[in-house]
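Asks: Given next are the chains, with one letter for each unit.
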Amino acid sequence: MNQHTIDLVNKQGLQFFGSVNASISHELKNIFAIISETAGFLNDLTQLSKQGKKFELSVLENCSSSIAEEIERGFDTIRQMNQFAHSVDDPVTETSIADTLALAVKLTGFLSYAKKTQIETSAVDITVFTSPFLLQNLIYRTLCAIYKSVDAKDTLNIAFHEKNPDTVFLTFSWGSPCALTDFPDRHTTEVAEALGAVISISDTSLDLTVTRAGDSLSAALTDGKP
Amino acid sequence: MTDIEKIHLLMVDDEEKFLNALTERLKLKFFDITPVTNGEDAIKVAKKAQFDVAVVDLQMPGIDGVELLKIMKKSHRFLEIIILSGHATIDVAVECTKLGAFKVLEKPCSFDKLVETITAAYESRMKKKFEKDTDRMKQIQSLAFGQSPLGILRELKKMDDDQK
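Line order of the protein sequences matches chains A and B.
Each residue of the first sequence is one higher than the one before, starting from 118 at the first, in our numbering.
Each residue of the second sequence is one higher than the one before, starting from 975 at the first, in our numbering.
One thing to keep in mind: the hints can contain errors.
The calculated lysine to any residue pairs, modelled on SDA-like cross-linking and capped at a C-alpha distance of 20 Å, are [unchecked claim]:
| id | chain 1 | residue 1 | chain 2 | residue 2 |
| --- | --- | --- | --- | --- |
| 1 | A | K265 | A | T210 |
| 2 | A | K265 | B | T1093 |
| 3 | B | K1001 | A | F172 |
| 4 | B | K1048 | B | E1105 |
| 5 | B | K991 | A | C180 |
| 6 | B | K991 | A | D299 |
| 7 | A | K223 | A | F149 |
| 8 | B | K1001 | B | E1090 |
| 9 | B | K1001 | A | Q164 |
| 10 | B | K991 | A | A185 |
| 11 | A | K265 | B | E1097 |
| 12 | B | K1101 | B | K1112 |
| 13 | B | K991 | A | S175 |
| 14 | B | K991 | A | E189 |
| 15 | A | K265 | A | T288 |
| 16 | B | K980 | B | Y1096 |
| 17 | B | K991 | A | S229 |
| 18 | B | K991 | A | I184 |
| 19 | A | K146 | A | Y230 |
| 20 | A | K280 | A | E237 |
| 21 | B | K1003 | A | K265 |
| 22 | B | K980 | B | A1067 |
| 23 | A | K265 | A | D299 |
| 24 | A | K270 | A | T321 |
| 25 | B | K1018 | A | I141 |
| 26 | B | K991 | A | H143 |
| 27 | B | K1087 | B | K1112 |
| 28 | B | K1001 | A | C180 |
| 29 | A | K270 | B | K1001 |
| 30 | A | K128 | A | K146 |
| 31 | A | K223 | A | F192 |
| 32 | B | K991 | A | F149 |
| 33 | B | K1112 | B | M1100 |
| 34 | A | K233 | B | P1035 |
| 35 | A | K171 | B | E1014 |
| 36 | B | K1087 | B | R1099 |
| 37 | A | K233 | B | G1036 |
| 38 | A | K170 | B | T997 |
| 39 | A | K265 | A | C180 |
Treat the hints as calculated values from the structure; they're not laboratory data.
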């Protein structure tokens, strides 16, 4: 991978980092908005109660459980944010496919156009020696492209398996045939090339073939230093 | 406050819990509220009932806030629309204002500010409607002079067609 590609990938990486953080902050704003309005409603009820107005206790129970649920949702979002932030700790490392997919599905789940998605859980996890951040970037871009194109009621299924000792095969499939709009775009192609990944698309599925041992990627990203 | 005096409010947000909490609070402030969780339902209910103000979330699956704003402003000319969003950037605010939004508020927004903005939007709607009604009255009065009854009816029909 030449310097030009490294620079492009770094620039895109920063854009990716920014866009994911924007969607996380949007999710947190929603959570705070719900907590704020529910707490405000509790305060309104307290004022009404002081004026002698009566209301069902179940209203209070619903409010408190709603606040507790939103706090848990907030913690979950922050856990994902933390996991994503740590994906830049090591330029290249042993990376779990199952974990990377799970995080990408959660992060894209914050987008308004996200669709229902299922990851095949019976598969044994596979690790690849690659850049966790770039792999996350590639899977995130792939999911976004699929979500934007497939039918609103469609469910996306994701499966993965070891194709041979050197490569891992990820399959994204959906029900109603549709063409992915402008995908892979130039940025995605550059990230895929940097990872040594190959994208092939049909009207009901997308296959991603990822190299298990990214030695050339490792050398490029670490400048050949151990 | 009687039902007639209540401000008829349409709330559109795909965050159901937020929608429910806000609806309950606004009900206590004597608003008449219809909550819906998507743009498609908002269009349907707005065809059946008349609303004074709509509070619309920006990012929703299907028809988003900007698209809904365009559609609603086209078919309900006096409806004032407030955009409430977690993505309220300056660009979004400029775009929505150009498209006719009354105001763009950032989520989470203080409840008092929201109530104040809804009330101001309602007053703006009433003012625009009053001005339009006054113009219409003037036009009708001018028609009454020098026209045959059939001529007056023809002109009234033309006026109605122009306002659609």
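Asks: Straight-line Cα separation of K170(A) and T997(B) no greater than 20 Å?
Replies: Answer holds: K170(A) to T997(B) is near 19 Å, not above 20 Å.
Asks: Could you grab the alpha-carbon distance between K991(B) and S229(A) and see if it respects the 20 Å cut-off?
Replies: holds, 16 Å
Asks: Measure nothing beyond the straight line between the CA atoms of K991(B) and D299(A); if it is 20 Å or shorter, mark the hint as holding.
Replies: violated, 35 Å
Asks: Is K1001(B) within 20 Å of F172(A), Cα to Cα?
Replies: holds, 14 Å
Asks: For the pair supplied as a hint, K1001(B) and E1090(B), confirm whether the alpha-carbon distance does not exceed 20 Å.
Replies: holds, 15 Å
Asks: K270(A) and T321(A): Cα distance at most 20 Å?
Replies: With Cα atoms ~14 Å apart, K270(A) and T321(A) stay inside 20 Å; holds.
Asks: Quick one, are K980(B) and A1067(B) close enough, alpha carbons at most 20 Å?
Replies: Not satisfied, since the Cα-Cα distance of roughly 28 Å exceeds 20 Å.
Asks: Assess, step by step, whether the Cα of K1112(B) is no farther than 20 Å from the Cα of M1100(B), and give holds or violated.
Replies: Given that 20 Å is the threshold and the Cα spacing comes to 18 Å, the pair holds.
Asks: Given the proposed pairing of K146(A) with Y230(A), does the C-alpha separation stay at or below 20 Å?
Replies: Satisfied, since the Cα-Cα distance of roughly 18 Å is no more than 20 Å.
Asks: Given the hinted pair K991(B) and S175(A), is their alpha-carbon gap at most 20 Å?
Replies: Distance ~16 Å between K991(B) and S175(A) Cα, so the pair holds.
Asks: Would the hint linking K1003(B) and K265(A) be met if the CA-CA limit is 20 Å?
Replies: Outside the cut-off at roughly 39 Å; violated.
Asks: For the pair supplied as a hint, K991(B) and C180(A), confirm whether the alpha-carbon distance does not exceed 20 Å.
Replies: The hint holds at about 10 Å.
Figure legend: structure checked against the earlier numbered hints; hints not met, in rising order: 1, 2, 6, 11, 21, 22, 25, 27, 29, 30, 35 and 39.
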